[in-house]
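Dock the two chains into a complex; use the hints.
Chains Y and V supply the protein sequences, listed in that same order. Counting with UniProt numbering, you get residues 1 to 337 for the letters of the first sequence. Counting with UniProt numbering, you get residues 1 to 455 for the letters of the second sequence.
If you are wondering where the hints come from, they were derived from the structure by calculation, not from laboratory data. There could be a bad hint or two in this list.
[What the hints assert, rightly or not] Simulated pairs of lysine-lysine, DSSO-like, Cα-Cα distance not exceeding 27 Å:
| hint | chain 1 | residue 1 | chain 2 | residue 2 |
| --- | --- | --- | --- | --- |
| 1 | Y | Lys110 | V | Lys431 |
| 2 | Y | Lys110 | V | Lys56 |
| 3 | Y | Lys335 | V | Lys56 |
[Unchecked claim] Distance ranges between label pairs, derived from CB positions:
| hint | chain 1 | residue 1 | chain 2 | residue 2 | range |
| --- | --- | --- | --- | --- | --- |
| 4 | V | Lys431 | Y | Gln214 | 53 to 61 Å |
| 5 | Y | Lys110 | V | Leu448 | 18 to 26 Å |
| 6 | V | Met13 | Y | Gln161 | 36 to 44 Å |
Just so you know, even glycine gets a beta-carbon here, dropped at the ideal spot from N, CA and C.
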Amino acid sequence: MNYEIIGITVLWTFLYGYVIIASVDFGAGFYNFYAKATGKSNIITPIITRYLNPVWEVTNVFFVFFFVGIVGFYPETAYYYGTTLLIPASIALILLAIRGSYYAFNQYSKDSNIVWAFLYGSTGLLIPAALSITLVISEGGFIEEKFGGIDLNITELLFSQYAWSVVFLAIISVLYISSAFLTFYANRARAFQAVEVIRKWFLTWTIPMLAISQFVFLGLRTNNEAHFLNAQNYWYLFGLSLMFMGIAVYLIYKGRNYGMAFIMVMLQFFCAFFGYGMSKLPYILYPYVKIDSVVNEAMAFWLTVVFILGLLLLVPSLIMLMRMFLFDKDYVQGKEN
Amino acid sequence: MEDVLLGRILTGMTLAFHIIYATVGVGIPIVIMVFEFLGIKKNDYHYLTMARRIAKGYTVTVAVGVVTGTIIGLQLSLIWPDFMKLAGQIIALPLFMETFAFFFEAIFLGIYLYTWDRFKNRWHHWLLTIPVVIGSSISAVFITTVNSFMNTPAGFDLVDGVFKNVDPIMAMFNASTGVRVFHVVVTAYMTAAFFMVTVAAVNLLRAKHKEDREYHRKGLKVNMIIGVAVAALTLLAGDLSAKFLHEEQPEKLAAFEWHFETEKNADLILFGVLDEENQEVKGELRIPSALSILSGTSPSTEVTGLNDIPRDEWPPLVVHYFFDIMVVFGMFGLGVSVLYFALKLFKKEEWAHSRFMLYLYALSGPLCFAAIEAGWFTAELGRQPWIIRGYMRVSEAITQADGLGITMIMFGILYLILGYTTIQVMVNMFKNTSARDSQIEYYGKESLMEQGGRF
Chain Y
1 MNYEIIGITV LWTFLYGYVI IASVDFGAGF YNFYAKATGK SNIITPIITR YLNPVWEVTN
61 VFFVFFFVGI VGFYPETAYY YGTTLLIPAS IALILLAIRG SYYAFNQYSK DSNIVWAFLY
121 GSTGLLIPAA LSITLVISEG GFIEEKFGGI DLNITELLFS QYAWSVVFLA IISVLYISSA
181 FLTFYANRAR AFQAVEVIRK WFLTWTIPML AISQFVFLGL RTNNEAHFLN AQNYWYLFGL
241 SLMFMGIAVY LIYKGRNYGM AFIMVMLQFF CAFFGYGMSK LPYILYPYVK IDSVVNEAMA
301 FWLTVVFILG LLLLVPSLIM LMRMFLFDKD YVQGKEN
Chain V
1 MEDVLLGRIL TGMTLAFHII YATVGVGIPI VIMVFEFLGI KKNDYHYLTM ARRIAKGYTV
61 TVAVGVVTGT IIGLQLSLIW PDFMKLAGQI IALPLFMETF AFFFEAIFLG IYLYTWDRFK
121 NRWHHWLLTI PVVIGSSISA VFITTVNSFM NTPAGFDLVD GVFKNVDPIM AMFNASTGVR
181 VFHVVVTAYM TAAFFMVTVA AVNLLRAKHK EDREYHRKGL KVNMIIGVAV AALTLLAGDL
241 SAKFLHEEQP EKLAAFEWHF ETEKNADLIL FGVLDEENQE VKGELRIPSA LSILSGTSPS
301 TEVTGLNDIP RDEWPPLVVH YFFDIMVVFG MFGLGVSVLY FALKLFKKEE WAHSRFMLYL
361 YALSGPLCFA AIEAGWFTAE LGRQPWIIRG YMRVSEAITQ ADGLGITMIM FGILYLILGY
421 TTIQVMVNMF KNTSARDSQI EYYGKESLME QGGRF
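Chain V extracted, bound-state conformation (with noise of 0.2 Å):
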């Protein structure tokens, strides 16, 4: 195989395995925070039980997520030297800021696990949850910036092949960072929440410990609300994600949307299959002239068609299967949290926990997870064949060191076992402590009686 499939493909398979630990150490943390304030606030052992049971299940993903993040981040240089020869000039800072971030945290989270009863005032405690939030969420921030860049470079002059007049700043608050960085910490918190949404719907459906069904409908809830907040900013990002591109990046909007001739009144396609060679789409739910409207709120708005782009420089088309699940999969947990409390504003409680309900909610998670992947597919191949777009192709950054074909088996089977070991060890974890058991080993036998006032 060619150096630079190989190249790409153990890149995306290093990355598909960390965004899925880098999206729980991005979200969870906020969930945390949540339950933890709530049991504070409302004296409610049944809460701060469960921040800390999330905070012990998180403990373990955080190890997976630092280790996969240390290797993606050594193997930019790995696979892409010259990447980085070049590169390296202008994404450095927010590169180095993100590992002061992460450092922070690094430092606050070994504070906040191991100081649950140290604290006569348990608000101290939760004072704790601020910098790990901040922490996790700015080193997002930051890694966004760069990838950002990747897409919509900006803050230097290229001169002979080496970047001059760099202005780090510029380069980071390029034109793609505002919408991407909300995107991404948005969609992670969002992850996070419809995550501990299936967890409480598996816990209710199979109901192995009935004393805790209280605990989980709480959970259940308080997921809830994180999960349609937080959805409802995802549809506005990707909303704002749209009519960016159009402006910025329409060949990627357009390959989206196998959008081949620029034209007003620009139809949106779900689904379908495409005939390359004819540019005819089968099959396809086809939506009169919303994608003019996503663009730039009118019909009347003129989309950019792939055909007005020049061939190689074409992403491949193949993004559009993958955007189409995003989409799909991304709406699906707003739909069911939506009519969560919809049947409970119709006051049909027994409807909301029904069997049927609770299926639905336990796929939102996976869902979720799915869609994150398929976004980020989405994202990465759309930049293609570009590395820097418009500056350096993916084909001119690959290494030219032997092995690479090898070093990808060696992972590949590295993510099987560590995939395998983490899903195993966490449901060892919960399966058979009750969360009951687990309030009485933290709080002790009396906490069952106290109806607050204790703090």
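In isolation and in its complexed conformation, chain Y is listed as follows (with noise of 0.2 Å):
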């Protein structure tokens, strides 16, 4: 295999897993704010808090190695991604620096209040949204050449249809997967009021998740129809994908199996997003960088080599983790302090 397809792969892989564990992770932040709001906060916040208190940092490293290693084995995208989304990028890492830090501030401090809570909630929502607009900028289109360089054209994108109907997708998408994640984990502490609660959360978003795919799916044509045919090919990706959501939706609505549940969702965005992602190719920024602007020969065989061996440390570390704190059935439970 060569340098250009194992970079791809690492970083597709590693962006997937992102999207999984953020979603959780912001998703989870805006119904902690929602509860608290609502008056339901004494059944929802002790699940969320157990769960995100030895996790939160863990998410956020995932989104820091992806763009590392994007940088890493395409510096090109540095200078195409880095010139154009000085904004929104900008905008994005203080709705970031916000939610991080006003997480800790409200969890750790004997002064937590509602406004620390709203803040830490919403911008959960607008993080993926603004992050989204990167996916949306990659599709071609929205970068203009002028006099020296190059430049984002802001108007055109805050009048796409395209535009809107990703970020659309990447909020309903949040708060789709962490509602299916919460409902198997307060299951696991058998917080049985918390669970009805939840599950009801997943059940509103599954019409809406499905109805925003097809915006997509369609913005995707008028926007760049070379990638919406090159989509066609993986049909049957998208194809399983929708089955594996069937069966999430199938397993929450009969109220049982929420593990599984779980894994079903995790599949349904497996295929989905690895399918949106081969059909992109060649292109990681339409149509200027190609997956062939690769780092050179040496650099990319020493990421590669300290990728593996950073594996075969983290692998383990992640395991440990998971088993003392998401599979620990005491832990989940609050048996412990």
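Encoded structure:
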């Protein structure tokens, strides 16, 4: 296998990991605020807190890992995305900073209050919106060349139907994925009142989820038809995705096997995400950056070596983390402090 | 304003804010490690409680450190896209490794913070501090190699504006990596130790929780021990840095010292004001031949002056002030800790804890932070006008995108709010809870009677 395929596979897999784990995190923040605002906080908040406390930092590293990796494997992306995303990425960064900090302030300080919970919760929905803009731009059509360089056409972006459908897809996915996970987690914690509440949240989001996916497909057609046509070659992945979604919704509707349901949600996104990614190739940023703009041979070699060594270190550590907090019955049920 | 200047201010602002948290992030784990070790070893609940209280405050600073670190990580590409496009060919490896180290630390920090009461054998919990210390220190090492590369590039040939024949390992272990990594890591440990000295001293001075006096005295002593040891190492690191600059980056050393003429027996200049037109310094403290001795151990060492460097490659001469601040404030910590042990040695226990001395100790933490800031300003301004010394100027690397000004204002406001809230949260966290209350909360009332033997 050559380095360009290794690079993009590694990065796409990590981005997928980030989408899942961050959605749980972002959604949890929003639900936490919602529960506080509607007076259900005593049912929901302990569950969310118990899950998030030991893992929030890890979630953030997935993101850092992705953007360091993409600049590492494809330095040209730094130039194109870096130049064009100055404003949108800065906004996303500020939101991320507010969210991360106010999570900690809210969690570890005595004087936590509803304003902090609001900052932490609302940014959880705005960040995916801001970050998803990057995917929109990657389809091409929003970068204009000007004297001496390039810049982002912000007006075009603001009035793009495709951009807005991607933004809404991102937000709905967050609420959808995270409610699926929290249903599972609350059930493990034997907090059955919470399960009932969160389960309903999940079911509420299924119809919008289906609808918005269609909009995104249609938007892609007008925005980048070549990509749209190519995506049809991977129709079976999108079909599988729909099937997994069906199973997940069925299980949660029937109120059983929540663990399996969450795995189905993960598979649903896995298929859709990789279907989208594969059909996008060979472009990383249409039409400027292709995957053959990979970093020089020597660097690509060392990055791959380090990546493998790093995984050997990380995977056991992550498993240990999950066993101690996600799959430890006593911890999940709050039997120890 | 010019885009280059805006970009520099924005990057400088982000880094200046981030390094406060980053320094705490690198240094505090070692302090926690020492206290928990002493607590278990000596069966002393004071030390255990201290480790746990420090860890609690640490969590809040880690959160802000993580987010500001994420900001600077992305800002490199946002503000300096041409730099990243070029240098990405060669600095990707250490950046990538830094992320791994950070990942490793994040996982174990999560485990460490939420398993205080989980293990029957307390040593098992203590073992978790090892990956945290390794992760945080190693990530400082990797990121410093990137900065070192920018100062003393190595491991490539530049052909038609692209790096060819790249050797990522040589780039990482470039000429300045060794001294800089050493300097960065020991000063982070030092700052963390003196920060805790300040906490202990302030608590002893204010004496709000009288029952905590013994606790804070113990904390003071242990942090002084860590402090004096790493401060001595910092002194060594500073000396090595001067010798290194003399060899590899003479223009930087000359700018630090306002040294214009190449000569032997070069004087060391402390303080003073510069008349840039006439290259005259007023009101300075001049130590004859000291600069030559610092640069090469003998007074006959010839030190390159700025006049032998092309004018458009001069660093801004304002760096001298930052250099002075770094040296003086950095030495202050060493001074008070030596004084503390001297008083103890001569059995002047009451003097060592007198109000006057406590005020001095209390100053050491903030001054260390000021020294860290000044040190980074010295190092970074001293590299101007280069972004990659000898290869790419800062002005060639700035983004062409519009909107730097508004971005700078937005981030400025963000840092003000985050800084203010951090202080507020930290103060409220400990203001009304005495260490004794914490001990009861963590280990139960009976822990107050116990003299050990429990573990």
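### Message
Holds or violated: the 53 to 61 Å window for the beta-carbon distance between Lys431(V) and Gln214(Y)?
### Response
holds (55 Å)
#### Entry: 18 to 26 Å as the expected CB spacing between Leu448(V) and Lys110(Y), which holds or is violated
holds (23 Å)
### Message
The hint says 36 to 44 Å between Met13(V) and Gln161(Y); measuring C-beta to C-beta, is that right?
### Response
38 Å Cβ-Cβ, so the 36 to 44 Å window holds.
### Query
Between Lys335(Y) and Lys56(V), is the straight-line Cα distance small enough, at 27 Å or below?
holds (21 Å)
### Query
Regarding the pair Lys110(Y) and Lys56(V), is the alpha-carbon distance no greater than 27 Å?
Cα-Cα ~12 Å, so holds.
### Message
Would the hint linking Lys110(Y) and Lys431(V) be met if the CA-CA limit is 27 Å?
### Response
holds (11 Å)
In summary, the structure agrees with every hint in the numbered list given earlier.
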